[in-house]
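*Asks:* Going line by line, the protein sequences match chains A and B. Mapped onto this note's numbering, the consecutive letters of the first sequence carry residue numbers 2 to 604. Mapped onto this note's numbering, the consecutive letters of the second sequence carry residue numbers 2 to 604.
By construction, these hints were calculated from the structure, which means they are not laboratory data. Please note: incorrect hints may appear among the correct ones.
Which copy is meant is left open, so a pair is good if it fits within one copy or across any two.
Lysine to aspartate or glutamate pairs mimicking DMTMM-like chemistry, simulated, CA-CA at most 20 Å apart [what the hints assert, rightly or not]:
| hint | residue 1 | residue 2 |
| --- | --- | --- |
| 1 | K509 | D498 |
| 2 | K584 | E139 |
| 3 | K395 | D411 |
| 4 | K197 | E425 |
| 5 | K509 | E384 |
| 6 | K509 | E60 |
| 7 | K584 | E60 |
| 8 | K197 | E323 |
| 9 | K509 | D491 |
| 10 | K395 | D492 |
| 11 | K395 | E504 |
| 12 | K584 | D566 |
| 13 | K584 | D196 |
Protein chains: 2
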Amino acid sequence: MPTLRIALAQVNPTVGDLPGNARLVRDYTRTAVDAGGQLVVFPEMMLTGYPVEDLVFRESFVAAARSGVGQLAADLAADGFGDVPVLVGYLDADGPAAISAEADPGRGPRNALAVLHGGTVAATYFKHHLPNYGVFDEDRYFVPGTALTVVRVGGVDVALTICEDLWQAGGPFTAARRAGVGLVVTVNGSPYELDKDDARLPLVRRRAAEAGATVAYVNLVGGQDELVFDGDSMIVAADGTLLARAPQFVEHLLLHDLTLPAADAPAQDRAATPETADATATPETPDGPDQMTVDRVVVGDRPVDPTGGPVSGGVAEPLPTEAEIWSALVLGLRDYVRKNGFSSVVLGLSGGIDSAVVAAIAVDALGPDRVVGVSLPSQFSSEHSRADAAELAKRTGLDYRIEPIQPMVDPFLANISLSGLAVENLQARVRGVILMALSNQEGHLVLTTGNKSELAVGYSTLYGDSVGGFNPIKDVWKSLVWTLARWRNDDAVRRGDEPPIPENSIAKPPSAELRPGQLDTDSLPDYALLDGVLTGYIDGDAGRDDLVAAGHDPALVDRVLRMVDLAEYKRRQSAPGTKISIKAFGRDRRLPITNRWREPGDG
Amino acid sequence: MPTLRIALAQVNPTVGDLPGNARLVRDYTRTAVDAGGQLVVFPEMMLTGYPVEDLVFRESFVAAARSGVGQLAADLAADGFGDVPVLVGYLDADGPAAISAEADPGRGPRNALAVLHGGTVAATYFKHHLPNYGVFDEDRYFVPGTALTVVRVGGVDVALTICEDLWQAGGPFTAARRAGVGLVVTVNGSPYELDKDDARLPLVRRRAAEAGATVAYVNLVGGQDELVFDGDSMIVAADGTLLARAPQFVEHLLLHDLTLPAADAPAQDRAATPETADATATPETPDGPDQMTVDRVVVGDRPVDPTGGPVSGGVAEPLPTEAEIWSALVLGLRDYVRKNGFSSVVLGLSGGIDSAVVAAIAVDALGPDRVVGVSLPSQFSSEHSRADAAELAKRTGLDYRIEPIQPMVDPFLANISLSGLAVENLQARVRGVILMALSNQEGHLVLTTGNKSELAVGYSTLYGDSVGGFNPIKDVWKSLVWTLARWRNDDAVRRGDEPPIPENSIAKPPSAELRPGQLDTDSLPDYALLDGVLTGYIDGDAGRDDLVAAGHDPALVDRVLRMVDLAEYKRRQSAPGTKISIKAFGRDRRLPITNRWREPGDG
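Given only the sequences and the hints, what does the whole structure look like? Please build it.
*Replies:* Rendered as structure tokens:
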């Protein structure tokens, strides 16, 4: 059986940066070929970045992607790699964008994967299964492909698939079995979610069994607005053996020698379907009869032994839960800052847990010299708040400033008659004005620090503590904020470093300090109880009766659900932040603001 | 041939208000039956409101919609209308929501239309064509229906269709022809867009010809977040004759006597396909073979002559363009305020055209007693600005206040070292804080007044002039703001009223007045030129070369496109506002913030 040295390039492209992304392909291809790689594979929509959203409708962008992939093929050949097949995702189209209701659904943009070889695009595969749930809108953008592309490389038949093709049964993987391939490559833009790495390996195993072939899975890494891609590229044999796995949240070239069935080896049912595969005979066909034709291309008919000794990619352990989440938040922030051309961030430091955790994430992402922390004390700020903020600054080494807000609050109170909540919100808004002024004056990106629990119930001041271009903990429940703080401190101790977050910020009861002696518990249930209800209602789409049946106090449920429903208008204007849960606020959860539906209570 | 008195109820339900919407059905049914109506038809998803977005995934909501439609059938019978078929749109499901990739695509939520008769749900139709473009995400939510429902009413076979079924060729209308129906009813949730009424009538005519039957089209009216529905319900005969048309932007019961072929009359090809329709033989079948089965239900086999003399619904003229847009903006604002439980609005009055037009819209929507206008002069505010704001207040009668901002700006300048743009933005943000404080103190909804041109190029201060819960002119180009101002004033003169907008606010060159002598033209091209480029780039997805080829100055194009691309982060946090164009900012146009794609220039 031939041996093929595959190189999975788990890299971090930027949406819209076609020249930069092409450069990344050429650089990684050079490294891969220098190490004897015989098939180099990049993630989904590598050349354009992913997801490109409505750029799909810009014909100039589609044209640039099409010509860019051709130019890249020529450049790779000029670099001396013309004889190594390189798989590069891009955006293709054979007609106008499908935005109109009456557009021909057989033509339009496609989520495409090109085989670059010999200076040209030797073959193309178009994504078959299009995700249109959660954060994905691919029925809006793409026409599905209907043919499986099989490329013969080093005497091995390799089937090409893209992301969602893996998540749905039937279709390309079944067609791959009929086509008798030795390897299925799947290129992905699969965003991080809690525990998703635990789902991926069993899924890849299932599809490897379905295809009766080894599966090589490569995923993007890096942040893109609300999404962060964790990599977690891997290779799984037909029998389910995990052969290699890349580390999460870092760029990585996973090189691995695979001994695979030769293309001319007998395959149980291949003779019956030489050019057409039919998925209807497989056990799993939820899409009903899913006929895919098979396009075959040969770029290397004969096996070529890889150079040097055997190469194994190794099996990286997935990160423990807290480390994984922390890494996602750090990378999500770092890439938002870097890819949007900022060099520094500014945030308000209240002495509380949320701003402390965001500051620690920012320092881990950017280094202390690029993080400005501003203490913005009012007459209601306690001594411990000021001390805790200063202590955080000292421990992390960030650029620390103090701007008392009272001189700026008082003139509003002198000129406008305000009371109660209006006075509380005023203080938060004056802080927002100061942070934005520093941003305008010095060029920092403003970070906002509202956790998911606060966003859910609207416990924030619109245009006050909510100001900012990015929110690193937008998708982190308050309970998890505490867990992460403790984990980050413990991790520092394990590494012999100083824990960044003052113990007092973790231990003290949370307060907005907008009036004397105020505590979050004046307005909100205990966070442990609150987060339990919120997780069911937001992440699980549970109704009131489901939540009560799950053991939550009925009065608490009614109160929390009402707060969530009434805060939709605040969330609509909130800053983006890294998605880590199954359902993040933003594109993942789309609810009307104008909405009189209230879960029916007892009363 | 039998005569059927149809009643199209063009009404304004509220999303999520199942009891209120059911009440509306009962009230309009009573009026319709009192007038001799024999078939009463309500718009798409009448019972739930439309669009309900991710409420589809809440099983409690689906269950309430299902039980609600059954209860409504019983209530209508108890009201004495059990023998009159009433068509009511709702949300149905025969399985869990289709959010998961591996959900059975044959089961899940459906956009449904119920025939209520005899105290029960006598028949149901499920929407076949699902829109997944523009503001629509229906592939995310619904499983398509595959059967055409034909109901015999008063001896006439009536086919049921829903909205997008009309906008795509093939499918239900072709099946209706094969089924030999006498009437096709189409229930709609079709949002207003400029010139859409001009598209609807030809479209309905085309489908009437395709079905070989009269088509009765009923649409929602009213605002729902960014959408406003204009009504424009109509009846078109098989030969294309417009028989009746309802006025736009108001609730209306369109009653009309239709003489239609009896169900047992010979139909050219009906005998060949008594229970199955096949669309493949029709000239227009862009979806390929689109087999729909036909479900037939009889609720009234014999013709019954309508009572009293003949009834005609009349043919309302569509509004002229400016009146139509103005009506859309007024209704969009009025319904956002009303349906979200506000009783008043507040906005800053600069003396400029944008705030003047928004104030006039608000006064038309709510009356002057429910509109608070605040002049917020700074040291850079000209005398004419203050005078123009006061004059607007005098003409409209709104609640006028003056809050000079300098006492609140100065302490920031005294405490933080700021210069240039940071000082300009500071003034806008102090104004924002004042408006939000008034909102918190007095309960008004804050209106923000940035036009579409400003939003496009980012010519606004985030958390400054952009603060607010709703923006009535979000989708109105600056050029159109002027046109609307002149039209509104002229219209007042025609009606013998005082023109609301001071002539000086219309005539003077626009300025943000954030530094001495500042004009918009310091930073922006002339609006006529700017709006030309923006319309092509935003609404038309034109690329740089397309725009240059269309005659726009290349340097101007490069400059404008760069401004638009860099302002995405501001738009992401902007308030919702009424969509009137083919592509509004918001769900209609989805672009990444992190995006390095720049249209290639010459340089």
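*Asks:* Next step is simple, just say for each hint if it's right about the structure.
*Replies:* Hints versus structure:
no., hint, result
1, K509 x D498, "neither (23 Å within a copy, 63 Å between copies)"
2, K584 x E139, "both (18 Å within a copy, 19 Å between copies)"
3, K395 x D411, "neither (31 Å within a copy, 32 Å between copies)"
4, K197 x E425, "neither (41 Å within a copy, 46 Å between copies)"
5, K509 x E384, "within (13 Å within a copy, 53 Å between copies)"
6, K509 x E60, "neither (55 Å within a copy, 39 Å between copies)"
7, K584 x E60, "between (32 Å within a copy, 16 Å between copies)"
8, K197 x E323, "within (14 Å within a copy, 52 Å between copies)"
9, K509 x D491, "within (18 Å within a copy, 64 Å between copies)"
10, K395 x D492, "within (18 Å within a copy, 66 Å between copies)"
11, K395 x E504, "within (14 Å within a copy, 60 Å between copies)"
12, K584 x D566, "within (16 Å within a copy, 28 Å between copies)"
13, K584 x D196, "within (13 Å within a copy, 38 Å between copies)"
Taken one by one, the earlier hints fail for this structure at numbers 1, 3, 4 and 6, listed in ascending order.
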